[in-house]
Amino acid sequence: MSGDLAFYGFAALTVLSAFYVVFSRNIVHAGFSLLFTLFGVAGLYAMLAADFLAATQVIVYIGGVLVLILFTVMMTRIPRRGAGGRGLDRFVPAGVFALLLFALLYKVITGTPWAEKAPVSADPTTARLGASFLTDFVFPFEFVSLILLAAMIGAAILIRDRRPAADDGAGGAAAPTGEEERS
Amino acid sequence: MGEHVLSWMTFAPLVGMVVIAFLPRERPTLTKVVAAAAAAVPLLLAFQVFATFDRSTAEMQFVERGSWIAPFNIEYFMGIDGLSVTMVLLTALLSFLCIIASWRIDKAVKGYFALFLLLETGMMGVFCALDFFLFYVFWEVMLLPMYFLIGIWGGPRKEYAAIKFFLYTLAGSVLMLLAMLAFYFNVRNPDTGAHTFNMLHMMDQANHSPWLQLSHVRHLIWIALFIGFAIKVPIFPFHTWLPDAHVEAPTAVSVILAGVLLKMGTYGILRISYPMLPDAALWFAYPLAILGMINIIYGALCAMAQSDMKKLVAYSSISHMGYVLLGMSAFTTQGINGAVMQMFNHGTITAMLFLCVGVIYDRAHHRDIDGFGGLGLQMPVYTSVFSLALFAALGLPGLSGFISEALVFLGAFPTYRTITIISALGIVLGAAYVLWMLQRVFLGEKNPKYDSLPDISARELATLVPIAAVVVWVGVQPSPVLDLMRVTLNNLIATVGR
Amino acid sequence: MFETLALNAPSWSDLRHFVPETVLVVTFLLALMADLFARGRRPAGPFALALGGCLVALAAAVSSLPAGPRSILGDLVVVDGLAGFFRVLFPLIGAITILFSWASGEIMGPRREHKGEFYALVALMAFGMCVMASAADLIMLYLSVELVSLTSYVMAGYMRTSLRSTEASLKYVIFGSVSSGVMLYGLSLLFGLTGETTFVEIRAALLAGRADNFALLVAMVFVLAGLGYKIAAVPFHFWCPDVYEGAPTPVTALFSVGPKAAGFALMIRFFYTTLLSPGGGQAAAGAAAPDGVIVGPADWPLLIAILSVVTMTYGNLVALRQTNVKRLLAYSSIAHVGYLLMGFLMLTAAGLEAILFYLLVYAIMNLGAFLFVIALNNRLGGEEISDYAGLSTRAPWVALMMMVFLLSLTGLPPTAGFIGKMYLFAEVINRHWFWLAVVGALNSVVSLFYYMKIAKAMYFTPGERAPLRLEPLHTAVLILLAAPTLALGVYWTPFKNFVDRAVAGFAGLGG
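If you read the protein sequences in the order shown, they are chains A, B and C.
Those letters in the first sequence? Residues 1 to 183, per the numbering used here, in order.
Those letters in the second sequence? Residues 1 to 498, per the numbering used here, in order.
Those letters in the third sequence? Residues 1 to 511, per the numbering used here, in order.
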C-alpha cells in the first residue's frame with residue numbers, strides 16, 4: 001500500500017505543478033514549478049524500477065535543462081507577467097477539446113487489456129543499459145548523436161548575432177541589408 | 001510513306017512544330033511557309049487515302065500497330081474505317097486552309113503556327129487512334145494549343161473564354177479517363193488473356209468481364225462517357241462554353257473549333273460508346289433524341305436572337321449538331337448515315353461561314369449584323385460566297401446540307417415521329433435566322449461608312465473556294481462521300497441496333 | 001559477457017547493406033569539417049563534397065538494389081525493395097537541392113554566414129529520410145522522424161535576418177513538437193497494447209488476439225497525426241503554407257518533396273506491416289481484392305479515404321485564392337498528398353506501385369516548378385504571380401519549361417504527371433472506389449484553374465519586354481528536370497519496371 005501512496009503522491013505532484021506551469025502568469029514562478037513536475041516524473045520512473053532513467057531525469061532535466069531555462073528567464077528582459085489576458089473565446093474551445101481528449105484517453109486506459117509484463121526486480125539497470133547501447137542498440141545510440149549534432153548546428157545558426165555580420169570584410173563597408181529584410 | 005500513311009498524317013505537323021520552334025523570330029514568312037508545308041503533307045496524303053480507301057469493307061484500313069508500353073498493355077494502334085475516314089479528310093482539308101487563312105497573323109507568329117500544328121496532330125490522332133489510351137492522349141493534347149490560341153490571339157474576353165473552354169473540356173475528359181480505366185480492367189485480350197486498351201477488343205462483348213455485363217454498370221459508364229463527349233459536341237446543358245470560345249477565338253481557330261473539334265464529341269459516341277456499350281446506347285437512345293431536338297430548337301432560337309454574326313454562327317452550330325444527335329439516336333441506316341454525313345457537311349459549311357465572318361471583321365473590325373447594309377453592291381464576290389454558305393446552312397437542295405438533313409429526318413421519322421416533326425421546325429427557324437441576316441447585311445440601304453470596303457482578296461477566296469467546291473459537289477453528287485462510310489455504318493447499326 | 005537480445009546482433013558487416021546511408025553520413029561530417037576551411041564568398045568545398053556525396057550515394061543505391069528484405073543493425077532497420085527505392089530518391093532530391101542552392105540568392109546571398117553548413121545539412125536530411133524509409137522498429141521510427149524534423153527546423157530558419165524565415169522556423173518547431181508528442185503517445189499506446197517495438201512483432205501480437213480495437217484505433221490515429229504532419233495532410237497541414245512561404249525557396253523545394261516522400265515511406269512501412277496480414281482480402285464482386293487482410297479496426301481505409309478527399313479538396317480550393325506562387329505551390333502540394341493517399345488506402349501492390357511512381361514524378365516536376373521560382377526570384381526579387389507577366393516574351397524557353405511542369409502537376413498528357421495520376425486512378429477504379437475516383441478526378445479539374453493562373457500571367461498578360469537571362473546553372477538544372485517530365489509522359493516502361501521491382505521486394509504487405 002505504501003507503493004500506491006507514493007505513486008499517488010508523485011502523480012499529484014506532477015499534475016498539480018504542471019497545471020501551475022501552464023496557468024501561472026509569472027514566468028519565473030512557472031519555471032520553478034516545472035522543477036516539481038520534472039521531479040514527480042523522476043519519482044514515477046523510480047517506482048517503475050527504472051533507476052537509471054530516474055537519475056537521468058534529475059541530472060539532465062532538473063540539473064541541466066531547467067537551470068538553463070531559469071537562467072534564460074532571469075537574464076532576459078521578458079516581461080515577468082504575461083501580457084494581456086487570455087480571451088474566453090480561445091479558452092473555452094481549448095478546454096472542451098482537452099476534456100474530450102481526456103475522456104478519450106481515460107476510456108482507452110481503463111478499458112484496454114494491456115500487455116502486462118511480470119514485475120521486474122529492482123536491480124540496478126545502468127550496466128545492462130550501457131551494454132545494450134553498445135550492442136543491440138548501437139545504431140539508435142549513434143543516430144541520436146547525429147540528432148544532437150544537428151541540434152547543435154541549428155543552435156549555432158539560429159542563436160547568432162541578429163545584425164547581418166557587419167564585420168565580415170576588411171573593407172567593412174556596411175552594405176544595405178534591404179535585400180534580406182523583405183518581410 | 002506507303003504503309004505509314006496515318007503516322008505521317010498525324011506527325012508531319014508535329015515535325016513542322018519542332019522546326020518552327022527553332023526558326024528565327026525575325027522571319028515570320030518563313031515560319032508561315034514551313035507551317036503550310038507541314039500542313040500540306042496530311043492534305044496530300046488525304047487525297048491518297050481518298051483514292052485508295054476500300055469502300056467495300058467495314059474493316060480497319062491503313063492499320064499500324066506496335067507495342068508502346070508493355071507493362072500496361074498500351075499499343076500504338078492506328079487505323080481508319082468508314083466512320084473516321086471522313087473526319088480525317090475533313091481535318092486535313094480544314095487545317096491546311098486555316099493555315100492559309102491565318103496568313104495575316106502578326107502577333108507572336110512562331111507561337112501561333114507551332115500551336116496550330118500541334119492542334120492538327122491532336123485532331124488527326126484522335127480520329128486515327130484505335131487504342132483507347134492513345135485516343136485519350138491525343139484528345140487531351142488538343143486542349144492546350146486550343147487554350148493558348150484562344151487566350152493569346154483571341155478577342156476582348158479571350159482569357160475568360162480560354163479558361164472556360166479548358167475547364168469544361170477537362171471536366172468531361174477526366175470522366176472519360178475513369179470510364180476508360182473501368183474498361184481496361186474488365187476487358188481481356190482474347191489472345192493473351194491480359195487486360196487491354198485495344199478498342200476493337202473492347203467492342204467485342206465476349207471479352208467483357210461479368211461485372212461489366214451488369215446493366216447498371218454499363219449505364220453508369222455510358223453516362224460518364226456521354227458527359228465527356230456531350231461537353232465536346234456540345235449537347236444542351238453543357239454548351240455554355242461554346243459561344244464564348246467561338247466568339248473570342250481568332251477566325252481560323254473558330255473554324256477548327258466548329259469544323260473539327262465539335263465532331264469529336266459525336267465521333268467519340270459513335271466510335272466508343274455505341275459499339276462498346278450497345279445495350280446502354282439503346283437504353284439512352286430516346287433521351288439522346290430528345291437532347292438532339294433540344295439542341296436543334298434551342299440553338300436555332302438563340303441564333304435568331306443574336307446581333308453578332310459570329311455568335312449567330314456559333315449558335316447555329318449547336319443547332320446543326322442537334323441533327324447529328326437525332327440521326328444517330330434513331331438506329332436506322334439512313335439516320336446514322338445522315339448523322340455522319342452531317343458531321344462532315346457541318347464541318348465544311350461552318351468553316352465557310354466563320355471564314356466569311358472573318359473576312360468582313362478584318363475589314364470593318366466589328367461583326368454587328370445591324371451595322372452593315374447593302375454590302376451586296378459593295379462586295380459582290382464576297383456576297384455570293386457568303387450567300388452560298390448561308391444557303392448551304394439552311395439546307396437548300398443542291399447543296400450539301402440538304403442531303404444530310406434529309407437523311408437524318410428520313411432515318412429518324414420511323415423511330416421518333418413527334419420528335420422528328422418538332423425538330424423539323426428547326427429547318428424553318430434556320431431559314432429565318434439565315435435569311436434575316438442575309439437581308440440585313442447584304443441587301444437594303446447601303447451604309448455610307450463602308451463605301452470604300454475592298455472586295456474579298458484572292459488569298460481569302462483561295463481558302464473559301466475549295467470548301468465551296470466540296471459543298472456544291474457533295475450537294476449534287478453525295479455518293480462519293482456516302483460510299484466511304486456506308487458499309488462501316490451499316491455494319492455498326494447491324495451490331496448495335498435492335 | 002552480456003547477452004544480446006536480438007537474433008541478429010548489429011555488426012560491422014551490416015554496413016555492407018547500408019552503403020548509401022553510410023556515404024551520406026560521412027558526407028555530412030566531411031562537409032561540416034570542410035566548412036571550417038572554406039574561404040571566399042562561396043563555400044566551394046562543402047558544396048562539392050555534399051554534391052559528390054549525394055551522387056555517390058545515388059550511384060551506390062542504384063547499383064545495389066536489394067532483391068528481398070534483409071533485417072540489419074539488430075533488426076531495427078530493414079533493407080528491402082521499398083527502402084531501395086527511397087534511397088535512390090532521397091540522394092537525388094538532395095543533389096538537385098544542393099545544385100540549385102548554389103546559385104540561389106536566398107541561400108548564397110552576399111552576407112550570410114554558415115553557408116557551408118547548409119550543404120552538410122542537406123546530406124544529413126537525406127540520410128534521415130533514408131532511415132525513415134527503412135525503419136522497422138518504433139524506436140527508429142521516432143528517431144528518424146526527429147532527425148528529419150530537426151534538420152528541417154534549422155533549414156527553415158536559414159535566412160536568419162528575414163522575419164518571415166524566422167517565423168516559419170518557429171511555427172515549424174511548435175507544430176512539429178506537438179505532433180511529434182502526439183505520435184509518441186500513440187507509439188506508447190501501441191507498445192502498451194502489444195509489448196513489442198518491432199513492426200513485425202507488433203503484428204504478430206495483434207494477430208495473437210492481444211488487440212483491443214478501440215485502443216488500437218486511437219493509437220493509430222495518434223501515429224497518423226505525427227506522420228500526417230510530415231506529409232502535410234489535412235488537418236495536420238497548418239504549418240505548411242507559412243513555412244513554405246517563409247523558408248528560403250530551395251529549402252521549400254526540398255520540404256515539398258523530401259519529407260513528404262519520407263513520410264509516405266514510413267506510413268507505408270508502418271501501416272502495411274503492422275496492420276496487414278498475409279493473404280487476399282475481401283472485395284466486392286468484380287473488384288480487385290486487397291493484397292492483405294486488415295488486422296484490427298476494419299474501417300481504417302475508409303478513414304484514410306475521407307482524409308484523402310478532405311486533403312485534396314481543401315488544398316485545391318484554397319490554392320485557387322493564392323497570389324503568391326510559393327503559397328500556391330504549398331497548397332497544391334497538400335492537394336497532391338490527397339491524391340497519394342488514394343493509393344495508400346488501396347492496400348494492394350499495384351496501389352503501392354502507383355504511389356512510388358507518383359512520388360518519383362512529383363519530385364521531378366515539383367522541384368522543377370520551385371526551381372523556376374528560385375531562378376526568377378534571383379532576377380525579379382519576388383514571387384507573386386503578377387511578377388511573371390510577359391515572361392513568354394522575356395524568356396520564352398524558361399516559360400515553356402514552366403509550362404511543362406504546370407501541365408504535369410495538373411496531370412495532362414503527354415507529361416509524367418498524367419501517367420502518375422493515371423496509375424493512381426487506375427488502381428482506385430480497379431478496387432471499385434468509384435466515388436473516390438470521381439472526387440479525385442474533379443479535383444484535378446479544379447487544380448487546372450490555379451496552375452493556369454501562372455500560365456496566364458506568363459503568356460497572356462503583357463509585361464516588360466527586356467529579355468531575361470537566368471543563371472546558367474539554373475537553366476541547366478531546369479532542362480535536366482523538364483526533359484524527364486516530358487519524356488516520362490511518352491515512354492515510361494523502364495521507370496515502371498524499376499518501381500515494380502521495388503514493390504516486389506517490399507517486406508510489408510503482409511509478406
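Please note: incorrect hints may appear among the correct ones.
[Claimed, not checked] Which chain C residues stay away from chain A? Per the calculated CB distances, all over 12 Å, these:
no., residue
1, E117
2, A120
3, L124
4, S144
5, R465
6, P484
[Unchecked claim] From the structure, some residues in chain B lie toward chain C, with a derived Cβ separation under 8 Å:
no., residue
7, V141
8, G155
9, E159
10, L175
11, L200
12, M203
Quick caveat, the hints were computed from the structure, so don't treat them as lab data.
Predicted model only: the values in this text are computed from it and were never measured.
Cβ coordinates follow ideal geometry from the N, Cα and C atoms, glycine included.
Now the hints, each set against the structure:
no.: 1; hint: E117; result: violated, 6 Å
no.: 2; hint: A120; result: violated, 8 Å
no.: 3; hint: L124; result: violated, 6 Å
no.: 4; hint: S144; result: violated, 8 Å
no.: 5; hint: R465; result: holds, 25 Å
no.: 6; hint: P484; result: holds, 31 Å
no.: 7; hint: V141; result: holds, 6 Å
no.: 8; hint: G155; result: violated, 13 Å
no.: 9; hint: E159; result: holds, 5 Å
no.: 10; hint: L175; result: holds, 7 Å
no.: 11; hint: L200; result: violated, 21 Å
no.: 12; hint: M203; result: violated, 20 Å
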